[in-house]
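So the protein lines, in turn, are chains A and B. Counting from 120, one number per residue, gives the positions in the first sequence under my numbering. Counting from 120, one number per residue, gives the positions in the second sequence under my numbering.
Any given hint could turn out to be false.
All copies of an identical chain are treated as equivalent in the list; a pair is satisfied when it fits inside any one copy or across any two copies.
[What the hints assert, rightly or not] Below, computed lysine to any residue pairings styled on SDA-like, alpha-carbon distance capped at 20 Å:
#, residue 1, residue 2
1, K121, A150
2, K133, T146
3, K133, Y190
4, K121, L143
Everything labelled a hint here was simulated from the structure, so no lab data went into it.
2 protein chains.
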Amino acid sequence: MKYCTECGQTLEWKTPAGDNLERLVCTSCAAVHYQNPRIITGCVAQWQGRVLLCRRAIEPRTGSWTVPAGYMENGESMEQAALREAREETGADIRLDALYSVFDIQAINQVYIIYRGVMRSPHIAAGVECSEVRLFEPAEIPWNELFYPAMGEMLERYQSDLARGRFTLYTGTSVSGRVSSIDKDQVQ
Amino acid sequence: MKYCTECGQTLEWKTPAGDNLERLVCTSCAAVHYQNPRIITGCVAQWQGRVLLCRRAIEPRTGSWTVPAGYMENGESMEQAALREAREETGADIRLDALYSVFDIQAINQVYIIYRGVMRSPHIAAGVECSEVRLFEPAEIPWNELFYPAMGEMLERYQSDLARGRFTLYTGTSVSGRVSSIDKDQVQ
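Using the sequences provided together with the hints, build the complete structure.
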């Protein structure tokens, strides 16, 4: 970010009056340009005990497997955003049942808001950002090819929750790929 | 947003290739400028059954009461952001116990991530963005002077949860000031 979105002039790092952090401030009109974490919404969904994953056809980590998820857009609710991403990436028709995970990846300024749900039919079709979509039996999950470690931790918990029929909220901050939290084990 | 942050030239609304939404795209360098919802983190905290609220000294709704909360910054975890906001606005030293509420206000592109916690001491001191900070007994809460309706709904639930000693996750999308959700009543 180099230029002001309001007047097109150059920006400089500066602490605005009343603030305590350096921001990108316009050298001409003094507009302050805040930068904040972005939200990724998605869902972990199943069909008769098999979990829905898609394989990334885009960077980063092209070829890795993940639950359908993507950036939440302005103008949508969290649930709408999660369902839209699932539909776009996997073609699946999903009924969301509950919020399942809220975690941040502090190092890259992202917050994940993930629901759990059940597919209304086994129909799937890879979207433009995916090379493949598949339903995995618990024993088949490609643990070594997942998008990133927190995704693996969430899927491990999901499999265990699914097997016992009781779900716990998975929330916290991702540190070295594991989610460390004040309330990981809360019953939901 | 009128000018490109990368080259300073003018922007136009346009659907980039492979996208299905109009974005602000630079007429010169073709950089796409995404706009996404922002996250507000905070906490509802108590001291011996009294809930901590602060009175806004800034727009919007100057003079209204709210739980300490504000924009999450790049580089912090959700929990760090919630504690920082509470400290800045109320001076309180809080122990976060659990995630309490995750809801969006779709109309203004905001997602709220609110924890619940307990104050380690009754010390409070209004920060620069507050005109007053106070601990309220359940019967004293200024219901008609709260920041917005979803805040009132969350505080009603919090009081009820606190009284019975069992907390439920408050999550969903704010429609006409009430939070409508798939899983409002899940036990946490």
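Here is how each hint holds up against the structure:
1. K121 / A150: both (13 Å within a copy, 13 Å between copies)
2. K133 / T146: within (10 Å within a copy, 29 Å between copies)
3. K133 / Y190: between (29 Å within a copy, 19 Å between copies)
4. K121 / L143: both (8 Å within a copy, 16 Å between copies)
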